[in-house]
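A.B. asks: Top to bottom, those sequences are chains G and R.
Anchor point for the first sequence: position 101 equals 101 in the numbering used here, and the numbering is continuous, going up by one each time.
Anchor point for the second sequence: position 120 equals 120 in the numbering used here, and the numbering is continuous, going up by one each time.
Careful, some of the hints might be misleading.
[To be verified] Under the rule of at most 30 Å between Cα atoms (straight-line distance), these lysine-lysine pairs were calculated in the DSBU-like manner:
| hint | chain 1 | residue 1 | chain 2 | residue 2 |
| --- | --- | --- | --- | --- |
| 1 | R | Lys-113 | G | Lys-88 |
| 2 | R | Lys-79 | R | Lys-113 |
| 3 | R | Lys-76 | G | Lys-88 |
| 4 | G | Lys-88 | R | Lys-79 |
The hints are simulated quantities; they were obtained by calculation from the structure and are not laboratory data.
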Amino acid sequence: MDMVLDILSWGLLLGGGFFVFVGGLGLFRMPDFYTRIHAASLTDTMGAGMILVGLMLQAGLTLVTAKLLMILIFIFFTSPTSTHALAKAALFAGVRPLIYPPAKKEAKEAAPTKEDATS
Amino acid sequence: MYTVATLAVLVTMALALARAVMGPTVFDRILAVNMIATKTTILIALLGFLSGRPDFLDIALAYALINFIGSVAILKFFKYRDLSHSGWLSPDAPHPHRMPNWMPPEVVDILQKHPAPDDKQEPRS
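Chain G with its partners taken away, still in its complex shape (with noise of 0.2 Å):
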């Protein structure tokens, strides 16, 4: 059984440090402000907790795990919160998407038609 929980969060502990990875490499090589916040909150929902996760696994029933769940129960609400009011913020601020500006005649031409249909 010890065998069992020690290659599990073993396996935890490794996948949450892949994730991490990945998502530090996300933000430093992407080339717009949208997609490095994805890469970013990928980092926190991920690898926070499957690390986390690993850690309560190597800890077993103790104090010690309710200190791990606590941090990970704040870091799953306050994580895609900030998150959320960043991308908010930055929208209004005037950042703009990179793919921006979409192909306009197609959309002009299918919107109004749309419209016209329905009212």
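Take the given structure of chain G and dock chain R to it, following the hints.
C.D. replies: Just chain R now, with coordinates in the frame of chain G:
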């Protein structure tokens, strides 16, 4: 195993620090600093297990809380340019929730036809 995860976290913090130094906009820097702080909580927890004394978890807990408050405070400062701003705006002030002027025209049309209840040009009490 702790060593591998710690090394991954340290490399990620170095990459995020590089992004914070060379980020083109201020939001890139905020994102990178936020990520460094989240990685610091994980690093504190990992270092406690690595040294065999997991007593630093209270510090990691406090750090996770301070991280969230700090990033929201920085975002509020860059939105209102004033940390003691109450969110109330005078009627002739430019509304901070208005659409940016680079939105695609079809999106602007849709949003003007169906305004959200919170999205009117009025001061919020």
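A.B. asks: Now tell me if each hint is right for this structure.
C.D. replies: Here's how the hints hold up against the structure:
1. This hinted pair checks out: Lys-113(R) and Lys-88(G) have alpha carbons roughly 21 Å apart, not beyond 30 Å.
2. With a CA separation close to 27 Å, the supplied pair Lys-79(R) and Lys-113(R) stays within the 30 Å bound.
3. Simply put, Lys-76(R) and Lys-88(G) have alpha-carbon atoms about 12 Å apart, close enough for the 30 Å limit, and the pair holds.
4. Between Lys-88(G) and Lys-79(R) the alpha-carbon distance is near 10 Å, which keeps this suggested pair within the 30 Å criterion.
In this structure, none of the earlier numbered hints is contradicted; all agree with it.
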